[in-house]
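Q: Residue numbers (this note's numbering), protein chains in the order written: chain A, 121 to 322; chain B, 121 to 322.
Careful, some of the hints might be misleading.
Repeated chains share a single entry, so a pair holds when one copy, or any two copies, can fit it.
Listed below are the simulated EDC-like cross-link pairs for lysine to aspartate or glutamate, each with C-alpha atoms no more than 16 Å apart in a straight line [unchecked claim]:
id	residue 1	residue 2
1	Lys-210	Glu-261
2	Lys-260	Asp-272
3	Lys-127	Glu-148
4	Lys-293	Glu-234
5	Lys-269	Glu-320
6	Lys-269	Glu-313
7	Lys-201	Glu-133
8	Lys-210	Glu-320
9	Lys-201	Asp-179
10	Lys-260	Glu-274
11	Lys-177	Glu-261
12	Lys-265	Glu-183
13	Lys-131	Glu-187
By construction, these hints were calculated from the structure, which means they are not laboratory data.
Number of protein chains: 2
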Amino acid sequence: MGIAERKQEEKQEMTTRILNGARKVFLEKGYEQTSMRNIASEINYSPGLLYFYFKDKSDIFHELHREGFRLLLSQLKVLNKVADPFERLKAMGHVFIEFAQNNKDYYNLMFIVEVPAKMPESSGFMIAQEAISLLASTVKECQQKGRFKDMDVEYFSFMILSTLHGICALFCKDRTASFANKTNEELMLHGYECFVALLEKS
Amino acid sequence: MGIAERKQEEKQEMTTRILNGARKVFLEKGYEQTSMRNIASEINYSPGLLYFYFKDKSDIFHELHREGFRLLLSQLKVLNKVADPFERLKAMGHVFIEFAQNNKDYYNLMFIVEVPAKMPESSGFMIAQEAISLLASTVKECQQKGRFKDMDVEYFSFMILSTLHGICALFCKDRTASFANKTNEELMLHGYECFVALLEKS
DNA sequence: TTTTTTTATTGAACAGTGTTCAATAACTTT
DNA sequence: AAAGTTATTGAACACTGTTCAATAAAAAAA
Numbered sequence: 121m122g123i124a125e126r127k128q129e130e131k132q133e134m135t136t137r138i139l140n141g142a143r144k145v146f147l148e149k150g151y152e153q154t155s156m157r158n159i160a161s162e163i164n165y166s167p168g169l170l171y172f173y174f175k176d177k178s179d180i181f182h183e184l185h186r187e188g189f190r191l192l193l194s195q196l197k198v199l200n201k202v203a204d205p206f207e208r209l210k211a212m213g214h215v216f217i218e219f220a221q222n223n224k225d226y227y228n229l230m231f232i233v234e235v236p237a238k239m240p241e242s243s244g245f246m247i248a249q250e251a252i253s254l255l256a257s258t259v260k261e262c263q264q265k266g267r268f269k270d271m272d273v274e275y276f277s278f279m280i281l282s283t284l285h286g287i288c289a290l291f292c293k294d295r296t297a298s299f300a301n302k303t304n305e306e307l308m309l310h311g312y313e314c315f316v317a318l319l320e321k322s
Numbered sequence: 121m122g123i124a125e126r127k128q129e130e131k132q133e134m135t136t137r138i139l140n141g142a143r144k145v146f147l148e149k150g151y152e153q154t155s156m157r158n159i160a161s162e163i164n165y166s167p168g169l170l171y172f173y174f175k176d177k178s179d180i181f182h183e184l185h186r187e188g189f190r191l192l193l194s195q196l197k198v199l200n201k202v203a204d205p206f207e208r209l210k211a212m213g214h215v216f217i218e219f220a221q222n223n224k225d226y227y228n229l230m231f232i233v234e235v236p237a238k239m240p241e242s243s244g245f246m247i248a249q250e251a252i253s254l255l256a257s258t259v260k261e262c263q264q265k266g267r268f269k270d271m272d273v274e275y276f277s278f279m280i281l282s283t284l285h286g287i288c289a290l291f292c293k294d295r296t297a298s299f300a301n302k303t304n305e306e307l308m309l310h311g312y313e314c315f316v317a318l319l320e321k322s
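Throw the hints in and build the complete structure from the sequences for me.
A: Structure below.
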């Protein structure tokens, strides 16, 4: 029995070895510029081997996608200690934007890269769901304290996420150049603060 | 002299013939799934010829990118007849979202697809600049009527664009599934209306 | 311990990609 | 008609994701 156990551990080791290589190359060169051969040679194995441990390229992507959400969620959950829900909500926005700035490629994988057709019902999107729920429940808490009244929680949450995502997506895809003489950081931070100003009046 | 003239016309004809083929294939299969060979065979010419009329694939992309902005701008400029700037601003958002819904692939090319490194300073971004200016000047008009006071025009415009883009980008990249039991149209429209509600209180 | 069976790994092959370029066809000018 | 330009081709190069027969390595059975 102990032998099958060790075998499984070795298999797990190889899996994470591939993921480590893949993560490095993916985050260095972006999704499209990364090839299976790149990943394989990064860890000094043959390309064919990757298909013994993963179904295809999108399967590896899928794993890193989940990894990104775990990272984001861990950073968001730190804010649970902020008692006031509106303060927490505002801080969540900052954390989200900082996450995108510091993990541009993760952000791409999570929110922008074309997803393989079957993904939406796969487990990779369950964890995305979790992030949405966190946002929605915070909005609901705000409402219980009198904010955002008469607003549908789901639509309002979607709107907030859209604003955050818009800021980050324009940044990630270099569509900020049209706002000359302002750095990305200024634009994103002050842009978000404009939004917060709107929220505060509501 | 008349001969050189005709030659140039023929060259122009070939150029647009390529662009027509490229547009068809691009908008059918998306950017990444379109190959130079696809485009060439669409118009029954050899792949090599494309490189006689365009530098590379991104050069063709660039031309369609501008085309998309011309289309969007033409739709936005219809709203010039709306006298009240705030009403106009709100309508611009609707037009923007509808443009994304009806021209998903153009929208991709314009705002999401990875741009070739040199593009930001090319003429393709001048026309993007024009759309931004239209937004900014409308915001400024609103301010002159007492709205959005104490807000920096540039940051505020960026924030509005971000919200719109966020809504459209989540839609274009199928990241709306997490908001179950709601269609994309509902989500986008009502999400935007939440945002308008915020603007109205400001 | 040797033989058989299972598992892990390779590398060549397939069909595709963007791009280049020598050859050639078509057309203009001399 | 000959020379010179311009337009067009198709083969070639170096890449891509993926598959698969062959093989090496390890485990189980004899």
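Q: All the hints need checking, so say for each whether the structure fits it.
A: These are the hints, each one checked on the structure:
1. Lys-210 / Glu-261: This pair counts as within: shortest intra-copy Cα distance 13 Å, inter-copy 29 Å.
2. Lys-260 / Asp-272: Answer is within; shortest intra-copy Cα gap is 10 Å, inter-copy 30 Å.
3. Lys-127 / Glu-148: neither (32 Å within a copy, 47 Å between copies)
4. Lys-293 / Glu-234: Cα proximity of Lys-293 and Glu-234: in one copy and across copies (14 Å, 6 Å).
5. Lys-269 / Glu-320: both (13 Å within a copy, 14 Å between copies)
6. Lys-269 / Glu-313: Classified as between: cross-chain Cα gap 14 Å, same-chain 21 Å, threshold 16 Å.
7. Lys-201 / Glu-133: Neither way: Lys-201 and Glu-133 sit 36 Å apart in one copy and 65 Å across, limit 16 Å.
8. Lys-210 / Glu-320: Within one copy only: 10 Å inside, 20 Å across.
9. Lys-201 / Asp-179: Classified as neither; 35 Å inside a copy, 51 Å across copies.
10. Lys-260 / Glu-274: Answer is within: at 9 Å inside a copy they meet the 16 Å cutoff, but 31 Å across does not.
11. Lys-177 / Glu-261: Result: close neither inside a copy nor across copies, 41 Å intra and 50 Å inter.
12. Lys-265 / Glu-183: neither (39 Å within a copy, 52 Å between copies)
13. Lys-131 / Glu-187: neither (19 Å within a copy, 51 Å between copies)
Of the hints listed earlier, those the structure fails to meet are numbers 3, 7, 9, 11, 12, 13, in rising order.
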